[in-house]
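Participant: Sequences are here, hints too, so could you generate the full structure?
Taken in order, these protein sequences are the chains called A and S. Every letter in the first sequence is one number past the one before it in numbering that gives the first Met the number 0, and letter 51, counting from 1, is 50. Every letter in the second sequence is one number past the one before it in numbering that gives the first Met the number 0, and letter 113, counting from 1, is 112.
The hints are simulated quantities; they were obtained by calculation from the structure and are not laboratory data.
Here are the computed distance ranges between Cβ atoms for each label pair:
hint, chain 1, residue 1, chain 2, residue 2, range
1, S, Ala60, A, Phe118, 38 to 44 Å
2, S, Val141, A, Trp98, 42 to 48 Å
3, A, Val7, S, Arg94, 31 to 37 Å
4, A, Leu3, S, Arg43, 15 to 21 Å
5, S, Leu92, A, Arg1, 41 to 47 Å
Listing some non-contacts, in silico: residues in chain S with all C-beta distances to chain A over 10 Å:
hint, residue
6, Trp1
7, Trp4
8, Glu90
9, Glu97
10, Leu102
11, Leu103
12, Gly104
13, Asp133
14, Tyr136
15, Gly151
16, Ala177
17, Arg186
18, Pro206
19, Gln208
20, Leu241
So, partial list: chain S residues that the calculated Cβ filter (under 7 Å) puts toward chain A:
hint, residue
21, Tyr24
22, Ile37
23, Phe127
Every residue gets a Cβ at the ideal spot worked out from N, C-alpha and C, and that includes glycine.
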Amino acid sequence: MRVLIYLVLAGLALVLQTVLLPPFFPNGIKPDLMLLLVIWIGLREPPWQGGVLVYGLGWLYDSYAGIFPGLHGFVLLAVFLIICGMATRLNTESLPLVWCLVGGGTLLQGALTMFAIEFFADADQFWTVMLRCLPAQLLSNLLAAYLLYCAGLRFQKIVDRLPPGMMPRPLRRHES
Amino acid sequence: MWEWWKKNRSLLIGLALVLTALLCYSLGLRTEERTGWIEGLSLRLGGPVLGTAASARYAVAGIWDAVIPGGSSLDLDAESRRLRAEMAGVEELQRENERLRRLLGFVEEHPRRSVAARVIAEDAASWFRTIEIDRGYEDGVVEGLPVVNAAGLLGRVVRSTAHSARILLITDASSAVAVLVQDERIRGVCRGQGGTLALDFALVQDPIQIGDGVITSGLGGVFPKGLVVGYVRSVHREQFGLFQTVELEPAVDFAHLEEVLVLFRETP
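Facilitator: So, in structure tokens, the structure goes:
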């Protein structure tokens with residue numbers, strides 16, 4: 000059931016990123032909601048199930064972003080595993096920490112994307128585009144994370160009323 | 000050894016998974032120009048959803064523009080709002096008619112078989128420049144075909160499913176188009192820079208001026224000759240460099256794409 004919820008959220012994120020958000024972000028830089036979802040999954044799911052799910056979501060993302068199949072599968076899986084490893088040592092319920100995770104996740108995603116494209120694909124000037132976009136991407140991701148965090152607090156009561164099977168797994172400190 | 004493995008097992012398995020994913024990505028680059036089955040399936044499933052969302056977006060945007068011009072007339076009475084909403088529908092049709100008329104003009108100027116398509120989605124990531132259209136291989140839209148609008152060249156088809164296709168725009172960093180500076184007939188390669196374009200391999204002695212038009216040269220066989228790509232925005236010549244740095248302003252307004260034209264190959 001949780002996997003279904005994650006898939007629905009991923010579909011919603013893609014519709015927002017490809018159709019509904021672009022008119023509000025004329026320079027093409029919009030919040031990366033898929034990355035935020037992966038960070039959220041990294042804080043909630045164990046590495047194996049979560050890793051498979053995130054890799055699949057990466058391939059889904061690749062269908063709607065860029066022309067390099069498997070790129071986001073690799074990037075999002077790496078981000079997920081690092082977040083997963085850190086989740087055991089951090090208080091993941093504080094807002095500043097969420098911001099740190101989103102900021103770090105965005106920079107890591109940018110660095111890994113740049114590495115994968117510059118070293119493996121034929122796109123010489125990609126790094127200039129990436130470096131130009133990255134600060135604005137970071138800001139928009141942080142803003143989106145803040146808004147989602149606030150919305151999440153508001154909807155906490157509604158989520159609490161859902162049947163136990165539909166509840167997302169609570170934040171845990173799994174063994175490393 | 001066993002103790003070391005037990006201690007670092009999670010890290011090593013995680014690293015192996017990431018490297019495997021990197022290997023899969025690297026192998027996938029060989030099929031970059033073809034639509035893989037995963038992409039085909041998700042584009043096929045997602046196409047109708049994106050199409051519906053795009054229709055809703057265009058409708059709301061049209062009504063919003065007419066009902067609340069500049070977002071400052073929130074005190075309009077209900078009757079006025081209703082009339083404006085009705086007019087919005089008419090104006091939207093007029094604008095669409097105008098855009099299609101311009102596309103038709105392009106078709107008359109360039110007698111080549113083509114199909115018109117509607118833009119239903121943009122790229123999900125901020126650093127890539129692709130769009131999705133509502134025509135696929137059942138309409139004859141296959142990988143490699145050039146895509147234009149009335150203003151000039153947009154890009155080429157890189158993925159195609161039955162009823163939708165993805166277009167790599169010329170402003171994407173992985174896009175390269177063989178071009179000519181129109182007046183001086185200087186050859187070069189136009190590369191995407193995100194929002195702008197750069198003209199590569201223009202020799203430092205080539206007399207390129209700001210405002211010069213740049214068109215496709217027809218070399219490479221993907222884009223037909225003579226399509227407008229952009230205009231020279233700035234030129235920088237280093238004293239000891241071999242090539243000059245030329246920045247181009249795209250002829251197409253990529254921020255407001257709604258209808259496009261896919262050009263078919265000429266059959267001998």
